[in-house]
Amino acid sequence: MDLELEAYLRPPEAEMAPYPAKVITLATGGKLVVRQVDREVVPTLLEAIKPTIEVERDYYDIVGVRLYGELLGWYRHRVRDEFCIIGQIDGLLVGIVNSRMLTPLIGMSLHTLAIERGLRIGAHLFAAKMEHHIEYLNQDEVLITAESPIGFRRWMIEYGLQKRDGQHELGGATPYALTRELYFANKDRLVAGERPVPAELMEVAEREIIIASEEDILEKILGAKRRML
Amino acid sequence: MRPVVVSGAGMIPFERRDEDSLVDMLAAASLHAMDDARLGDRPVEAVYVGNMASGLFNHQVSVASSLVDRLNLLPAAADRVENGPASGGSAIKNGLLAIASGYYDVVLVAGGEKMREVIGPRSTDIVAAMTHPEAEYIYGVTLPAMAGMFARLYMDKYGITREHLAHVSIKNQQNGLLNPYAHIQMNITMEGILTHPQSHINNPVVADPLHLYDCCPVSDGAAAVLLTSLDVAQELKVPIVEIAGFGQATDTQTLQERSDPTDLKAVSLAAQNAFAMAGIQPEDINVAELHDAFTILEIAESEHVGFFEKGEAAKAVKNGETRIDGKLPINPSGGLKARGHPVGATGVAQVVELVWQLRGEAGERQVKDAANGFSLNFGGFGNNVLAFVLRREA
Amino acid sequence: MKTITAFKCTNCGHAMYPRHERCLNCNNREFEEIEPTEKGKLLTYTIVNELPWGIDERGRVIGVVEFENGLRALGLVESDEPKLGMELTTSWGVVRVIGGVKTYGLTFT
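Protein chains in written order, with my numbering: chain A, 12 to 240; chain B, 221 to 614; chain C, 893 to 1001.
Worth flagging that the hints you see were computed from the coordinates, not collected in a lab. Check each hint, because a few of them may be wrong.
[As the list claims (entries may be wrong)] No more than 25 Å apart at the CA atoms, straight line, and that leaves these computed lysine to aspartate or glutamate pairs for DMTMM-like:
#1 K198(A) to E411(B)
#2 K198(A) to D428(B)
#3 K231(A) to D238(B)
#4 K975(C) to D480(B)
Pulled out of the complex, with its shape left as it was, chain A reads as follows (with noise of 0.2 Å):
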């Protein structure tokens, strides 16, 4: 890699302070790890969003093809400020969620692709995605969008979201903001989690995130195909 040329290429990288860890025991007695990651770990990732292109339903595909595109972009360093964080049981990848910070303050939202349905793992990582922009990298305000009108009609009237003017990086959707006074005043109902995670299970999660064959991928979104009769 010629660094010289890349120094063009790359876009400036702001100082972005690390989210810590943290574990959720879901309705199941199963226990989330949620943590962020770093780029080294992106092609595996884009294993298990690959199968998700092809699904239409709920939006998986435009969800799927754009994370595939913006996790990529960011391992390959043309992306700016992004940060990516996972949820993974027994080291199980079951979600991802991805973000940007936009300037100092304001955070961009990106996406949140939940692998496994049923236990909120979507609404889990989505409000720790919230929780980094608002209390570690402490931004003011978060510009939110969604393909998905259910998730997103959910998020709305969960948060009390803000509609602001311009536009949403993701195709030029309507934005709407999670003030840092929406987020406190929603916290305690919606941001699970309890520090640290016990070394036990950080120490499976780190080990290897472990990624389900494609099949049991479109069975966990889709529902087990089970027979009529």
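Use these hints to put chains B and C onto chain A, whose structure you have.
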């Protein structure tokens, strides 16, 4: 009145079924029941289809006519029967009376609903269409809201806690894991839904005091039974499981007009009539499928039908008496909570489960020595209720 | 103040809302029109977070109030801390917008 036998029973797994239309599902469940009865070419004379809101969910009406066409059961008589969440039960009642009267010998009853065609809040609005337009609907009342108002009073009156409700939910979800037809295949724990300090984030309020895990899911699915006269059942050589009794009763549409809103009069009366017709008592029942659209209802119904004294059921659930291996198994199928609740299908699915239980065909969730079964299908918010007693002939 | 029209049986005095053609108590078919009283008692309530399509809110409090004349009705409860048995004052306001049209109903504070 002649005896009525459930000669065939069948259903399809309940879940979100985007690829299947309503009639696809009704047809599949019907064929399952017809084949289970080894019906072959013997004609079906009448078809009743329980379905609440195909016009609203799927922009399709007259689905009983569609079903006979789809299955080539022509020229059978066919009617769609609507009674809100008790549409399935009402369809069975109609089929039962058709045979008991002596007019028909072979009747197909199917129940189905395809709810996931619309998004959640629209589904909530469609279901709310059963509330009173002027006195309830305009306020944004939902079925969970009705249940929440009822639950507040019932819990207060009998000292029922959220922990008691959680026991119902956990039991039913665990039963669901043993039922290949159940929508929800997920174990939940007391810690995860109630006792962990952050469990409220997993289990948020839907309509206080009811939380997410107190409410059944929104499902797609269908179930069917093939009812016949005793003679035909003997010719088909199927195990003889009779609908020995049924009862139906109504109450005021609005909760506020009931003199005691904690008194589910229609439930008590429907059950009484079913037991009287079957000539047995509640204590003779070995297995029951109750209508737990909300966890509080399993507790309240089990008391109103006479399985427990008022105020005693919550304790019984906590002590495990209503587990599959308990004194009186309730909802071995997983109930509405885990099996799911495609509205029109439920009343039929409850009877299908009882048939399987009474025949010894319930696999891992088999209740030992089940001879007498009971089901309750709760229409509206308890203002139109059906009860059935099923009996296996020795 | 505009309000709901409720009914009192001319035979047995039973108060009813909504409308029934025959008295719920004695089957009589004649009624006097009555209204909710200004004050009432909260019989039961719930706090609803999952509302139907068209109502973009959470935390709506819906409850049943019993009025001084024995009548009961359901309405919106405007209180941060609803309690069973609390006394509330009846008023009339927009409770929902249906198909773009403001719909009025009972509110209690």
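**Asked** Does K231(A) pair with D238(B) here, judged by a C-alpha cut-off of 25 Å?
**Response** holds, 15 Å
**Message:** Please verify whether K198(A) and D428(B) have alpha carbons no more than 25 Å apart.
**Reply:** holds, 20 Å
**Item:** Proposed proximity, E411(B) with K198(A) (alpha carbon, max 25 Å)
**Value:** holds, 21 Å
**Asked** Does D480(B) lie within 25 Å of K975(C) when you go C-alpha to C-alpha?
**Response** Since the Cα atoms of K975(C) and D480(B) sit roughly 19 Å apart, the hinted pair holds (cutoff 25 Å).
Checked against the numbered hints above, the structure breaks none of them.
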